[in-house]
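Novice: Listed below are the residues making up each chain.
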Amino acid sequence: MTDTQRNHTHHRLWLTVSGLLIAISLVVSGCGGVVEKSNAQGSVATANGGTLTYALATSPDTLDPHRSGLAVSVRVMRTLYDSLVVQTADGSIKPWLAESWTVSKDGKKYTFKLRKDVKFHDGTPFNAEAVKFNFDRVIDPATKAANALALIRPYTSSKVIDEYTVQVNLSTPSEAFLGNISQAMLGIVSPTAAKQEGEQFGKKPVGSGPYQYVDWKDNTSISVKKNPDYTWAPETVKNTGAPHIDGITFSIIPEEATRIGSVQSKQVLAAETVPPQNILALKNSPDLQLLQANTLGLPYTLFINERHAPWDNVKARQALQSAIDVNAIVKTLYLGTYERAWSALTPGILGYDESLENTNQPDLTHANNLLDELGWVKGQDGIRIKDGQRLTLKYVDGSPNREKRNDIAAMIQQQLKAVGIDVQVNITKDISTVVYQNGEYDLYGNSQVNSDPNALSAFYHTAEPSARPTLPGLSDPQIDQWLEQGAVEKDKDQRANIYRNVQQRINELAVIIPVYIFPYTVAASQTVQGISFDYLGYPLFNDVRIGG
Amino acid sequence: MVQTIITRTISSLLVILGSLTLVFAIFYLLPGDPVLSMIDPTYATPEMIENLRIQLGLDQPFYIQFGHYLADMLRGDFGVSMVNSDPVLPKIIANFPSTLILTLASTCIAVLIGVILGILSAVHRNGWIDILARTIGLFGISMPTFWSGILLILIFSIQLGWFPAMGSDGISTLVLPAITLGIVGAGFVIRMVRNSMLEVLSEPFITTLRAKGISRHVILYKHALRNALIPVVTVVGMQIGEMLAGTVVIETVFSRQGIGRILADAIMARDIPVVQGVVFFTAILYVVINLLVDISYTYIDPRIRRSLT
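Chains as they are written, first to last, in UniProt numbering: chain A, 1 to 548; chain B, 1 to 309.
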């Protein structure tokens with residue numbers, strides 16, 4: 001072999017390598033160009049038009065409002081469906097698809113006069129028949145309705161009076177009813193499409209909302225486009241007509257770092273559920289804005305299971321309340337970005353009892369005294385013992401670490417150790433079996449978004465013998481009576497008083513430890529204007545504009 | 001030769017059947033009630049729960065459920081999702097191309113980086129380039145992909161703005177996830193190529209070639225490399241399977257469409273038919289790839305072919 005040959009081979013290798021390098025750098029620069037171009041498009045867009053890209057933290061289960069069980073679906077469903085009525089910021093009920101309504105004296109018949117100019121996206125006219133179809137669909141077992149079923153109670157039937165008048169019948173009066181039908185999960189679907197698509201309706205949703213459905217790519221994105229015919233928005237938004245923008249693409253980005261990264265790198269214009277550690281950083285970013293709305297209903301609350309000794313004794317429960325430093329937990333974990341909760345209800349809801357704020361301060365001496373009184377004596381390892389039994393507490397929490405709830409468990413474990421309680425934390429995905437079926441918990445936390453204080457009933461009213469027990473397993477005749485009264489009381493002030501009583505009584509009985517109020521947090525580009533929030537804290541996109 | 005293919009095929013079928021049984025049994029034996037995870041337990045009445053159980057056939061004994069399940073699978077009926085009633089098979093088929101592209105791109109990156117660095121590493125044994133290549137290999141193998149993925153997003157998406165952090169439209173969205181996954185594979189390939197190169201270089205025929213006065217480069221890149229690449233084919237084949245599995249994490253981190261993402265979500269939601277469908281589908285793929293690799297290197301390496309006949 002000659003030198004020339006040797007050089008030749010040598011050359012070929014380096015040619016290949018440098019060729020590859022050039023190819024790679026071409027790909028890199030080419031791709032960089034793509035991203036920059038899309039940025040430019042975003043900032044050039046005028047006040048009208050453009051597409052809002054909005055990152056969701058989890059995937060909706062279905063876009064069939066009556067069958068959905070997830071709050072995340074509501075973000076999308078609120079763009080597709082309208083409701084009969086709307087609840088405004090002060091909690092009052094205003095017209096939407098229904099122009100007006102009357103309630104019978106016994107509170108069991110609601111007669112709605114409907115708008116005559118409303119059409120579903122598929123052209124089906126909206127009328128009394130459509131309302132009847134929708135409400136009957138929710139209670140039809142074949143629909144397998146989820147949360148919608150709970151919301152529509154005590155609905156029994158509807159009667160079409162004339163084309164634009166419908167009478168809705170309830171089995172018992174309910175002051176929560178109008179608020180409940182304002183929710184997206186009782187949004188009105190197109191009867192034609194719902195009948196035609198059957199089980200698949202959730203993947204081909206048709207409503208009468210400001211946006212209409214385009215497509216859904218599994219786990220990736222859901223797109224909606226503007227409904228140009230829309231003229232029937234409720235008074236909670238400024239723009240009564242069709243949206244200013246062309247559409248919305250909801251990207252599904254479960255990984256926190258990727259979701260926040262996508263807003264920072266301008267790949268999406270807005271992203272929901274910003275983790276506390278990012279909130280502070282984003283607040284200081286000049287290109288981004290932070291939008292926050294506290295959700296309404298039941299705050300994240302730890303329920304003490306009264307069905308298990310020793311927690312059936314009020315003193316034992318009070319000891320827990322005194323030993324747990326909720327302030328420390330909320331400050332440490334949420335860095336001042338979440339408000340702590342004091343009551344069984346969140347602020348802002350009818351009847352919220354402000355007087356409970358700043359009560360139940362941590363008091364270790366008090367906690368120790370109560371446990372001493374009950375005869376639990378500290379053993380050698382610092383854990384209390386009575387009749388040979390160690391004082392243990394089963395703390396169940398769901399997986400994954402949603403809103404740092406697993407960390408709350410860890411902190412409580414430490415705090416309760418100080419008063420001699422051995423906390424056994426069980427973090428499991430299978431809440432339905434462990435908590436709801438087997439009741440294997442002493443402490444379990446939950447929250448619920450709701451517009452009406454009547455939501456307390458599902459958690460604190462004595463469960464019927466055949467039904468599943470409530471989370472605290474509470475049975476208090478006084479609370480039961482108030483909750484029943486509250487459901488039917490027509491006088492708003494009276495009603496508020498009743499729920500204040502309930503909250504105070506729950507506090508006296510020490511069945512819960514309220515922890516935090518969840519703020520729905522959105523990070524958005526400065527170029528996005530007009531994202532607003534409804535009464536429950538869900539985003540509304542009617543007024544959105546994208547522009548300079 | 002034909003006999004080999006037949007026995008391999010039969011054993012492959014057994015592997016598929018085994019994985020099916022395993023997935024089915026795991027879900028059957030897992031504590032917890034799939035029906036309860038489908039409807040909100042706060043509101044459902046016991047009657048509703050029971051009806052749903054009967055409707056899903058979950059009230060039947062194990063062997064009947066398993067029998068129905070096998071029969072359905074054989075007919076190509078993968079059932080419908082428990083979460084939203086979507087048929088499972090079309091869901092898999094619609095999402096598969098995206099996973100396939102990611103897998104192939106990652107494999108290409110793994111082979112490209114792996115072979116180049118592996119050769120350089122062996123040729124410059126114990127030099128700085130060898131140390132560098134081995135460090136990169138070790139890094140690739142030991143770093144969890146969700147971590148390196150997020151690291152790449154932080155650097156190349158947020159800081160530099162070169163590539164998108166998420167999505168599955170276009171080549172630009174493919175780069176970061178493919179590199180994340182490719183680096184892992186590259187780690188294995190680097191090691192394999194390096195070891196195999198060093199082994200070949202110490203064989204007598206290389207000495208003979210040297211004695212004949214053939215240049216070092218020709219020996220290295222023509223004779224040694226060709227022989228050294230044979231075991232690499234196996235590693236690459238196995239890597240394709242690994243990459244396929246790796247997409248479960250990567251597709252979630254980068255919010256890509258794909259069957260890995262579907263699987264991750266279905267597991268979280270206890271959506272049993274979807275989990276079973278995806279596992280069955282990937283088991284078939286895995287087995288087919290391995291079969292092809294086995295068959296292919298009987299062609300590549302005459303020694304194996306001879307030993308088999």
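Worth flagging that the hints you see were computed from the coordinates, not collected in a lab.
If you're wondering where the values come from, they're calculated on a predicted model, not measured in any experiment.
Treat the hints with care, as some may be off.
For each label pair, taking beta carbons as the anchor points, the in silico distance ranges come out as [claimed, not checked]:
{"no.": "1", "chain 1": "A", "residue 1": "A328", "chain 2": "B", "residue 2": "L14", "range": "37 to 45 Å"}
{"no.": "2", "chain 1": "A", "residue 1": "T332", "chain 2": "B", "residue 2": "L151", "range": "22 to 30 Å"}
{"no.": "3", "chain 1": "A", "residue 1": "T332", "chain 2": "B", "residue 2": "F27", "range": "50 to 58 Å"}
{"no.": "4", "chain 1": "A", "residue 1": "I161", "chain 2": "B", "residue 2": "F146", "range": "53 to 61 Å"}
{"no.": "5", "chain 1": "A", "residue 1": "S100", "chain 2": "B", "residue 2": "L151", "range": "54 to 62 Å"}
{"no.": "6", "chain 1": "B", "residue 1": "N51", "chain 2": "A", "residue 2": "E484", "range": "24 to 32 Å"}
{"no.": "7", "chain 1": "B", "residue 1": "F146", "chain 2": "A", "residue 2": "L364", "range": "50 to 58 Å"}
{"no.": "8", "chain 1": "B", "residue 1": "D169", "chain 2": "A", "residue 2": "D381", "range": "39 to 47 Å"}
{"no.": "9", "chain 1": "A", "residue 1": "N438", "chain 2": "B", "residue 2": "F27", "range": "15 to 23 Å"}
{"no.": "10", "chain 1": "A", "residue 1": "Q485", "chain 2": "B", "residue 2": "N51", "range": "30 to 38 Å"}
{"no.": "11", "chain 1": "A", "residue 1": "S92", "chain 2": "B", "residue 2": "F62", "range": "25 to 33 Å"}
{"no.": "12", "chain 1": "A", "residue 1": "D140", "chain 2": "B", "residue 2": "Q60", "range": "20 to 28 Å"}
{"no.": "13", "chain 1": "A", "residue 1": "D117", "chain 2": "B", "residue 2": "P144", "range": "36 to 44 Å"}
{"no.": "14", "chain 1": "B", "residue 1": "D169", "chain 2": "A", "residue 2": "N239", "range": "27 to 35 Å"}
Coverage of chain A stretches by chain B, computed from C-beta distances (three or more under 8 Å per stretch; other residues unrestricted) [to be verified]:
{"no.": "15", "region": "208-220"}
{"no.": "16", "region": "497-508"}
{"no.": "17", "region": "537-543"}
For every residue, glycine included, the Cβ atom is placed at its ideal position computed from N, Cα and C.
Novice: Hints first: check each against the structure and report whether it holds.
Specialist: Hints, one by one, checked against the model:
1. Separated by about 58 Å at the C-beta atoms, A:A328 and B:L14 break the suggested range of 37 to 45 Å.
2. The hinted window of 22 to 30 Å between A:T332 and B:L151 holds, with their beta carbons roughly 27 Å apart.
3. Between A:T332 and B:F27 the CB atoms are about 38 Å apart, so this pair departs from the stated range of 50 to 58 Å.
4. At about 59 Å, the beta-carbon gap between A:I161 and B:F146 stays in the expected band of 53 to 61 Å.
5. Our hint of 54 to 62 Å for A:S100 and B:L151 holds, since their Cβ atoms are close to 59 Å apart.
6. A beta carbon spacing of about 29 Å between B:N51 and A:E484 agrees with the range 24 to 32 Å that was offered as a hint.
7. Remark: the range hint 50 to 58 Å for B:F146 to A:L364 is contradicted by a beta-carbon distance near 40 Å.
8. Here the CB-CB span from B:D169 to A:D381 is close to 58 Å, at odds with the stated 39 to 47 Å.
9. Between A:N438 and B:F27, the C-beta spacing of about 19 Å keeps the proposed range 15 to 23 Å intact.
10. In this structure the hint that A:Q485 and B:N51 lie 30 to 38 Å apart at CB holds, the actual value being about 34 Å.
11. Taken as a hint, the range 25 to 33 Å is violated for the pair A:S92 and B:F62, whose Cβ atoms sit roughly 56 Å apart.
12. Under the hint 20 to 28 Å, the C-beta atoms of A:D140 and B:Q60, about 27 Å apart, fit the expected range.
13. For the hinted restraint 36 to 44 Å between A:D117 and B:P144, the CB-CB distance of approximately 57 Å leaves it violated.
14. Under the hint 27 to 35 Å, the C-beta atoms of B:D169 and A:N239, about 30 Å apart, fit the expected range.
15. Restraint check on the region 208-220 of chain A versus chain B: 4 residues with Cβ-Cβ distances below 8 Å, three needed, restraint holds.
16. Three residues within the 8 Å Cβ limit are the bar, and the region 497-508 of chain A against chain B gives 0, so the coverage statement is violated.
17. With 0 residues having a beta carbon nearer than 8 Å to a beta carbon of chain B, the region 537-543 of chain A misses the requirement of three or more and the stated coverage is violated.
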